[in-house]
Every structure is written in C-alpha cells, then in structure tokens.
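Chains as they are written, first to last, in our numbering: chain A, 1 to 144; chain B, 1 to 126.
Possibly wrong hints are sitting among the right ones.
[Stated by the list, open to error] Below, in silico cross-link-like pairs of lysine to aspartate or glutamate (DMTMM-like), each with a Cα-Cα straight-line distance of 25 angstroms or less: (1) K73(B) x E111(A); (2) K73(B) x E73(A); (3) K11(B) x D33(A); (4) K115(A) x E105(A); (5) K73(B) x E121(A); (6) K96(B) x E87(A); (7) K40(B) x E9(B).
Simulated from the structure, these hints should not be mistaken for laboratory data.
Residues per chain, in single letters:
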Amino acid sequence: MAHEAVGKKYPAVEYEVGREKIREYANAVGEDDPVHHDRDPAKAAGFRDVVAPPMFAVVYSAPAVGPSIFDPEVGINFAMMVHGGQEFVWGDPVCAGDTITTTNEFKDFSEKDGKKFYVFESVSTNQDGAEVCRATWTNIVRGG
Amino acid sequence: MKQGDQIPELKVTPDKYLPHRYAGASGDFNPIHIDPEFAKQVGLPSNILHGLYSMAQVARANGAAAGGATKLKRLSVQFRGMGFPEQEMTVTGIVKEERDGRVVVDTVAEQGGNQIIRNAEAELEV
Numbered sequence: 001m002a003h004e005a006v007g008k009k010y011p012a013v014e015y016e017v018g019r020e021k022i023r024e025y026a027n028a029v030g031e032d033d034p035v036h037h038d039r040d041p042a043k044a045a046g047f048r049d050v051v052a053p054p055m056f057a058v059v060y061s062a063p064a065v066g067p068s069i070f071d072p073e074v075g076i077n078f079a080m081m082v083h084g085g086q087e088f089v090w091g092d093p094v095c096a097g098d099t100i101t102t103t104n105e106f107k108d109f110s111e112k113d114g115k116k117f118y119v120f121e122s123v124s125t126n127q128d129g130a131e132v133c134r135a136t137w138t139n140i141v142r143g144g
Numbered sequence: 001m002k003q004g005d006q007i008p009e010l011k012v013t014p015d016k017y018l019p020h021r022y023a024g025a026s027g028d029f030n031p032i033h034i035d036p037e038f039a040k041q042v043g044l045p046s047n048i049l050h051g052l053y054s055m056a057q058v059a060r061a062n063g064a065a066a067g068g069a070t071k072l073k074r075l076s077v078q079f080r081g082m083g084f085p086e087q088e089m090t091v092t093g094i095v096k097e098e099r100d101g102r103v104v105v106d107t108v109a110e111q112g113g114n115q116i117i118r119n120a121e122a123e124l125e126v
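Excised from the complex, chain A in its bound form (with noise of 0.2 angstroms):
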C-alpha cells in the first residue's frame, strides 16, 4: 500500500512567524544569544527582526508534515513508528514576521530488515519566495 503513495504531495501549509514563539522556542532549547530573542541586537546583527534558530525549523513545517504521518494511504503503523533520522538544509534566516510556506511529499517507502521506512521530503519558502528550509524526515516502523 505505502509504494502506491509514494510520491504524494501534500497541500502546502501557511505559517505566520511570531516573534514571542521565537523567544518561546529559544527559551525551551537554551538558545540564549539575544538575536533569538530582542529586535535591537537581532538588527544590530543584520537580520530584519528577531531570527528564529535553524531547528525553529520544526515549528513552521509540523503543520505541513504532521498529518502525513496518519494518512491511511500512507499507512503508518503510529504505535510502532520511530523517528529514526531527520536531515534540514537551511537557507534565508526566519525572522519574526515572516510568512513560511511549506510543501510535503510521501518521497520514499523501503523496507530492510523487518523494517519499514518511510521518508517524507518537505520544503519551506518566506514570503519572497527564497527557500529557508528544505528537510526530509526518515520514521521506522518495526515489525507492523
């Protein structure tokens, strides 16, 4: 069933960057330097308003890849499943503001081992249209 799927795309996802889920998400990963944090320091620094760490990644992108993960044409086994592996290539910074869009496709289904995996390919640009984040997500099922 999931080799039939792959290769589906997902409709894109708006996420609009608020500049006090930055500070939030900074606070939670101990990310301190105060450009995640104060508009001041972040455009002393060269950025447009307050830049979201790389991994804030997972933030605007979750809406776009999470419910992929229960697509029944997909077929993953939720009980079972594993985050085996994630790989984000970034491009502009994010800064608060900012309108992220991101696409999702079903990109590959292998199995290996009594294994499944399952890669999902997902792609976000701001709002002039440069890439900011381009990430592939690997989850592993095991025995279902």
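Chain A is already provided as a structure; the job is to place chain B on it using the hints.
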C-alpha cells in the same frame, strides 16, 4: 576551524519539566515525552526526551562553535538511544572536512556514555 579541530563541548541537563516546555514550544505532545505513566505502559523506562530537542542541542553546539546559530546550513542526524530528562547530555564534535568556506563537523550527543544522536553531520559557514 580546520580539519581535526574539536568544537567546544556543550553540556546541558534538561530538567524534569523540560519535555513539557519543549512540547509547548514545538507542538509535539506525544505522551511518551510528557507522561511517565503512559511511557511505562508502552514499555519505556520513563518519559523520554523529544529527539528533535536533542537534535536542537547538537545544532546549538555547532552554531556556538561557528559564532552564530544561523551559520548552521545543514544538519543531518540519526536518532538511536533514548534521551531522558534529569540526566546530563554532552555534545561533542570534530571537524572532518573543509570546503568552499564551509566545514563539516561530525557530532555526537550522549548521556552517561549512551549515544542518543550519532553520525550527526553539521555543515557550518565559517
């Protein structure tokens, strides 16, 4: 930074409630991360750290080494062992390659000798 250089070691001990704050910040409320009872019911020793939180620590160590978080241009990891709150995590890395104004850092995150992220490859603008 040149081939063979180590990046400054990062040590962090996520407190008991860190997974709750990370869940709120990231939107990932999977109960295996925030509910110790649920985690035990599905065969885990306790609630476990979000893999993407641990990956964020790998990102932080590399960003700090490069002089700013946004110098990190690529990060690829494999999640292996489980990470736990209230245990110290150590992130170490070594520059394995230099090319075109960028370096590639081979990075590991471990807790008590147990590797939770390995084969992490970070590409930094230098």
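key: Those earlier numbered hints the structure runs against, lowest number first   = Violated hints (numbers, rising): 1, 2 and 7; every other hint is consistent with the structure.
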